[in-house]
Amino acid sequence: MTKENTVLHHLKLLWLFLRISVQNDAAYRVDFLANVFVTLAHFGAELVGLWTIFSNTRSLGGWNAMEVLALLGVFRAMSGIIGLFISPNMRLIMEEIREGTLDFAILKPINTQFFTSFRRIVVWRLADVVLGGVFITVACTQLSAAVSAAQLILFLVMLVAGVVIIYAFWLVLATCAFWFTRINNIEMVFWNVFEAGRYPVDIYRPVIQRVLTYLIPLAFITTYPAATLVGKIEPGNVAVALAAATGALVLASAFWKYGLRSYSGASA
Amino acid sequence: MRAVLRALPALFRLALAEMFQYRGEMVLWAVWGVVYPSVAMAMWGVAVKGSPGGEAIGGYTPGDFAAYFWLTMVVGHATTAWDIHEMSWLIRSGRMSARLLRPLLPIWHSVADNLAYKILTLTILVPLWLLVIVVAQPSFQTGRFELLVGIPVLVLAAVLHYLWGYNLALLAFWFTRMDAIGQFWFGAGLFLGGRLAPLTIMPEPVQRIASALPFKWVIWFPAEALAGWLKPGAVYSGMVNQLIWIVLGLVVFHVMWRLSIRRYSAVGA
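Protein chains in written order, with this note's numbering: chain D, 1 to 268; chain Y, 1 to 269.
What the hints contain is simulated information worked out from the structure, not anything from laboratory work. Each hint should be verified, as a subset may be incorrect.
[Said to hold, decoys possible] Some but not every residue of chain Y turned toward chain D, in silico, with C-beta under 10 Å:
{"id": "1", "residue": "Trp29"}
{"id": "2", "residue": "Val46"}
{"id": "3", "residue": "Ser237"}
{"id": "4", "residue": "Val240"}
Bear in mind the structure is a predicted one, so any value in this text is a computation, not a measurement. Cβ coordinates follow ideal geometry from the N, Cα and C atoms, glycine included.
Please model the complete structure; the sequences and the hints are all you need to start from.
Quick look at the structure:
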């Protein structure tokens with residue numbers, strides 16, 4: 001076992017990536033504050049939206065106001081995590097494939113997938129994660145049935161599964177850039193469709209529900225974790241989520257390696 | 001004005017050719033305009049079932065919601081304006097300098113782009129819109145009066161939205177980062193314009209803020225008017241409101257434009 005393969009070594013590298021990102025961002029402190037301010041405004045807007053909906057109705061496809069608040073918290077935290085490292089790194093990969101500068105990343109003496117997936121960390125996006133956490137916490141204290149420790153652990157497991165699935169989904173998109181070089185707009189498409197995840201997938205027609213679960217895995221990312229927390233999840237779906245997360249990661253990594261082989265570099 | 005009329009067709013042809021080159025990107029932009037209202041449509045349709053009574057919310061049945069949000073798709077497309085997102089790029093990339101050299105206000109160039117986009121994307125949007133009608137089964141009460149008056153209402157809404165969007169975009173001459181302003185513009189359309197919900201079912205304070213701003217005349221009013229839910233008197237007074245905001249916008253544009261180019265020559269030197 002060489003040093004390069006230990007978990008500890010990779011954790012140290014992660015810490016290094018984080019430090020470099022913080023140092024880079026420290027040069028734009030006003031930007032940082034402006035971004036946090038915009039995030040706060042977003043959360044205010046979410047609350048107005050929630051207020052509008054639940055001043056007119058008592059339930060949204062079987063979800064009450066506090067349950068939808070928990071879902072919104074998950075939705076926001078997830079978009080924070082995607083913006084924290086997934087989308088910026090994948091954007092970088094697509095850019096570098098287009099410009100042929102991915103060579104520099106490949107030449108580094110560490111696993112290319114690890115390096116290209118974590119090298120850029122957009123620190124201010126943590127604000128989304130924290131505020132999402134606040135939404136989730138408030139919702140939990142207001143739910144009619146108390147949340148048990150087991151539920152909480154299962155919720156965290158489902159969250160991790162959701163992050164893994166969305167990471168795999170993005171990795172596949174980024175890998176497509178090896179063949180279709182101009183797909184940077186795919187990010188915009190993603191965020192548009194992601195909007196559909198702010199409400200439980202139960203509100204959509206069965207066909208669309210299936211699309212949002214298996215084709216664009218929104219259900220795994222927002223609805224299922226939130227459903228676990230508020231005690232609405234079907235046990236079968238937990239198993240499906242875990243299997244989907246494992247399968248997605250394995251397949252996406254294999255696809256990435258396959259794509260990497262067809263990369264010809266800038267000079268070619 | 002004669003010069004503008006002569007130049008516009010040429011600019012328009014140029015814009016069409018340019019847009020066609022970026023057709024992929026355009027399709028994506030246009031499709032957002034279908035996704036968001038569809039989500040809102042589904043959400044409110046389900047919300048009705050959970051409301052007291054379970055038949056309607058604020059007078060809107062699921063069919064009415066479908067009609068309203070379908071119309072926000074069409075109205076939203078007709079009133080699209082993205083200069084806020086483009087202006088700082090135009091300035092930083094130096095393209096603004098080229099446009100300023102032409103014997104025509106640069107806003108006409110952007111108007112041509114805007115019209116080319118709206119017309120070209122119709123080719124994808126119309127089939128999508130028809131599909132939504134088939135699936136969602138909206139209940140329209142649109143009569144001959146609404147169809148007749150709907151066209152000027154739509155045109156006024158598009159002009160009003162475009163003008164104020166451009167006015168805000170001019171702030172790019174002062175600020176390099178327009179993200180926050182763009183977000184505000186976008187959020188205002190959702191909450192104060194009526195994309196999230198018909199304004200009459202929004203919370204009271206939101207309604208009051210919306211009445212003081214132009215956004216409700218861009219989305220909510222045209223959608224309600226086209227659906228056939230407004231009396232003729234309300235339609236006419238709405239059009240007067242649109243006109244007032246347009247005149248105000250023109251005044252602000254003239255002032256802002258002068259200040260902007262003065263600012264630009266100072267920076268670009």
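Here is how each hint holds up against the structure:
1. With a least beta-carbon distance of about 8 Å to chain D, the hint placing tryptophan 29 of chain Y at the interface is held under the 10 Å criterion.
2. Taken as an interface hint, valine 46 of chain Y checks out: its beta carbon lies about 4 Å from the nearest beta carbon of chain D, inside 10 Å.
3. With 10 Å as the threshold, the beta carbon of serine 237 of chain Y stays out of range of chain D, its nearest partner Cβ sitting at about 25 Å, so the hint is violated.
4. At about 28 Å, the closest approach between the beta carbon of valine 240 of chain Y and any beta carbon in chain D exceeds 10 Å, and the interface hint on this residue is violated.
The earlier numbered hints that this structure contradicts are 3, 4.
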